[in-house]
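Asks: What follows is each chain in one-letter form.
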Amino acid sequence: MTEDVILLLLSGLLLFMVGVYLMFAYRNLLRIILGVEVMAKGVTLVLLAAGVFRGSVDYIQALIVTFIIVETILAAVVLAITFVAQRIYNSLDIRNLSKLKG
Amino acid sequence: MLLYASLVLLVIFAILVCFFKDLLYAAVSLALASVMLSAVLFQYGANIAAVFELSVCAGLITVLFVSTVSMTKDSDQANESRLPAYFLPFILVLFLGLDFFLVKWLAGSTLVGAGFPATPGLTFQNAFWGQRMTDIVGQVSLILVGVFGILTIMRALSERRKHD
Amino acid sequence: MITNIGLMLLLPLAAVILMPWVSRLHRRAADVLAALAGLGLVGLCLRFIPLHGETLTLRALNTQFSVDGLSLLFLVVVNVVGFFCILYSIDYMNHYDGRGKFYALLLLMMLGLNGVLLVRDLFSLYVYLEIVSIASYVLVAFSLKWDGIESALKYLLLSVVATGLILVGLGIMYLNLGTLEFAELKLLLAAGSGPNTVFLLAAALFIAGFGLKAAIMPFHAWLPDAHPSAPAPISAMLSGVVIKVAGVYALTRLFFDIYPSPARILNVFLILGVVSMIGGALIAYFQSDIKRMFAYSSISQIGYILIGLGLGNPLGLIGALFHVLNHALFKSLLFLNSGALQYRTHTRDMNEMGGLEHRMRVTGITSIFGTLSIAGVPPFNGFWSKLFIILGALAAKQYVVAVLAIFLSVFTLGYFLLMQRRVFFGKLNLKWQDLKEVPLTMSLAMIFLAAQCLLVGIFFNEVLRYLVEPAAAILLGGK
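Residue numbers (numbering that gives the first Met the number 0), protein chains in the order written: chain A, 0 to 101; chain B, 0 to 163; chain C, 0 to 478.
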C-alpha cells in the first residue's frame, strides 16, 4: 500500500474517532453537531483512501458526492431540531430534564 | 508536498474545533478544515467532489451552523464545561495508538488482489449517471424528507398548536 | 411484473409529492391518499409471492433493483405492517396536528425501507437507510414535546455513529475488494480462501453499525427512549419493521448471502442474541411505562432472531426468519394497543390503569392475542417460530441456549400477563368510568393484526412455504 494511502487512512480514522468523541463528550447540541461534521470528514478521507488505492477515484467521487448531499440534509434537519429546541425549551443541553433513564 | 500540508492542516483544524470556547471560532475552524479537505480531493483529481466539499461543507453547512448559533444566542452556553477540551490531548494519544495499530494491520495484510480494477475511461459523469443512478431516486426522496422534516419541526413555532 | 419493482418506489414518491395539495383539499383527503398508497404497496408486494423466491431484476435508466426470496419476506413485513399503521394513524392523529406532513414522512420512510430491500449494492443500501433514519428522527420527535425531542436526539446520536461505522466498513470493503455490489462481492469472497483478516475488520464494523440500528444489546441504548416518545404508529413501525430491515436484513444479507460466515462470526451472533434475549426481558419486567416495557421486549425478541441466525442450521434460520414476520405482526399490534390506551387515558403508566377490559373491549381482546403470540402459546404465530429456534438450538447441540430460550419464553409470558393484569383485568379504576373504546380505524387496524397473528399461526405451513423458505434458501445457498 502506498504511503499516501496510508496517510489518508490514518487521518481518516483519526478524525472519525475524534468526531465520535466530540459527539459524546459534550452536552451542548451545537458542539455535538460539530462532532458529526468532523466524523463526516473522517469518513470522506477513508472513502478517498479506498478509491486512491483501487485507482478508481472517479467512482469514489460519485460516492463522496452522494455522501455529502445526504449528510447535508441530515445536518439541516438536526440544526432545525436544535433551533426549535432552544426556542421552545430554552435549552441546548442534551441531558437537561433527563426524566428518561437508560 | 502540497498534499501533505493540506492533510496535516485538515487534521489540525478539525481537532482545533474542540478547543475553541466560542462556537463561531469553532465553526470557522471546521470550515477551514473543509477547505483543506477540498484541497486534498483536488490533488487526487476528484474535482467534482472537491467542489461539492467546498461549496456545501465549507459553505452551506457553515452558513446554516452560524445562523443557528446566532439565533440561539441566549441559552446556557456560558456555563459549558471545558473538561472535554482538557481531556482531548490524552484521548488523542489513545486514538493515535489505536489508529496506527489498525492501519499497520490493514497495510500489512494481503488485500484481495486486483479483484475488479477500475474500468478505464470511467469519468465522473459515467460513474454518477451511469452506475449510481439507483441512488438518484434515493436522493430525491431524501430531499423530500428534508423538506417535510424541517416543515414539521418548524411548525412548533407557529402560534396555533394543538396539545396532546 | 418487473415494473412492479419500480412502482414500489414510485408509488409512495408520487403520493408524497401530491400530499401538500391533497391535504388542502379536504380534512380527510390526506388520510385517503395515504391509505390508498399503503394499500397499493401491499398489493404490489403480494404479487411477488407466487414467484417462489425466484429473483427478478429491474434494470431501467441505469438503475438496478431486484427482488429475491430474502427481500420478499421483509417487503411483506414492511408493507403489510405499514398499511395497518397508516390505517391506525387516520384516527390516532386526531390528537396531533400536521397530518399531511406525518403521512408524507411515514410514506417516505416506507419508500426508504422498500428501497433498502430492493437495492443490490452496499452504498445504495446506505443511501436508502439514511432516508429511513432521517424520516424516523423527525417522526420520533413529531409531538415536539420535550421528551419527543430529547429521545429523537439520543436516537439520532447513536444512529449517526452507526451510519459512520457502516460507511467506514464500506470504505474498508472497497479497499479490500474493489467493489460494493452484492453479486460481485459474493463471487470474490467465495473465490478467496478463508476469511481475510481485513474482511474481519469490516465485519466487526458492520456488526457494530447494523447492530446499533437493530438495537441489539449492548447497542440498544436508544430504543427504550425513542419508542415511548414517538406517536404509537411510529413506535409500531420502529419496533416491528425498521429495526428488522435496517438491522437484521442487512446483517443476514452480509453474513449469510454475500459471505457464508464461518462459525467464528456466527458465534458472535449467538452470544449477542443470548445477551439481548435475557437482558431485554429482565429489564422489561421492571417497567411501569407500558411502551417502555414493549421496547425492552423488542430487544429481547430480536435476541431470539439473532440466536436463530447464529445457530446457522436450517431450523434455526427458518425460525429466525419466521420470527421476523411474527414479531413484526404481534409487536406492532401491541404498540398499537398501547397507543389506543394512551389515546383514551392520556397516560402510559400501567399503575394508573386497571380493569380496562370492561371499557375497551377491542383493545383488551387484541391485546390478549398479542400477549399469547409473543409468549409463544399455540396456535398463535409466535409459538411456531420460537419452537423452530429452540429445535434448531437442540439440533446444534446448544443445550444451554435451548434451555435459556424456553425459560425466557415462560418469563416473557409472565411479565406480559402481569401487564395484562395491571392494565385490563381486575377492578375498574374509577377514574376510567366514562372511557370509551377507540375510534373505528384504530380498532380495525388492531383487529386485523390480531387476526393475522392467529391465522399465521394456524396456517403456518403455507406461510413457511411461500414466504419463509424462499428467504431461508437464499441464506443457506452458500452452504
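Hints listed in this document are in silico derivations from the structure and should not be mistaken for laboratory results.
Careful, some of the hints might be misleading.
As the list claims (entries may be wrong) - So the derived label-pair ranges between C-beta atoms look like this:
no. : chain 1 : residue 1 : chain 2 : residue 2 : range
1   : C       : L453      : B       : W104      : 20 to 26 Å
2   : B       : W104      : C       : I16       : 35 to 41 Å
3   : C       : R464      : B       : V139      : 34 to 40 Å
4   : B       : V62       : C       : A13       : 31 to 37 Å
5   : B       : R154      : C       : H25       : 18 to 24 Å
6   : C       : L453      : B       : K103      : 53 to 59 Å
7   : B       : L95       : A       : N89       : 35 to 41 Å
8   : B       : L101      : C       : L393      : 47 to 53 Å
9   : C       : N3        : B       : S69       : 35 to 41 Å
10  : B       : G44       : C       : L24       : 48 to 54 Å
All C-beta atoms, glycine included, are put in the ideal place defined by N, C-alpha and C.
Asks: So, for every hint listed, does it hold in this structure?
Replies: Hint-by-hint comparison with the structure:
1. L453(C) / W104(B): 20 to 26 Å: Violated - the Cβ-Cβ distance for L453(C) and W104(B), about 53 Å, lies outside 20 to 26 Å.
2. W104(B) / I16(C): 35 to 41 Å: Distance hint for W104(B), I16(C) is violated at roughly 48 Å.
3. R464(C) / V139(B): 34 to 40 Å: holds, 38 Å
4. V62(B) / A13(C): 31 to 37 Å: holds, 33 Å
5. R154(B) / H25(C): 18 to 24 Å: holds, 20 Å
6. L453(C) / K103(B): 53 to 59 Å: holds, 58 Å
7. L95(B) / N89(A): 35 to 41 Å: Taking Cβ atoms as reference, L95(B) and N89(A) lie about 39 Å apart, which means the hint holds.
8. L101(B) / L393(C): 47 to 53 Å: violated, 40 Å
9. N3(C) / S69(B): 35 to 41 Å: violated, 50 Å
10. G44(B) / L24(C): 48 to 54 Å: Given a distance of about 52 Å, which is inside 48 to 54 Å, the answer is holds.
The structure fails to meet hints 1, 2, 8 and 9 from the earlier list, while all remaining hints are met.
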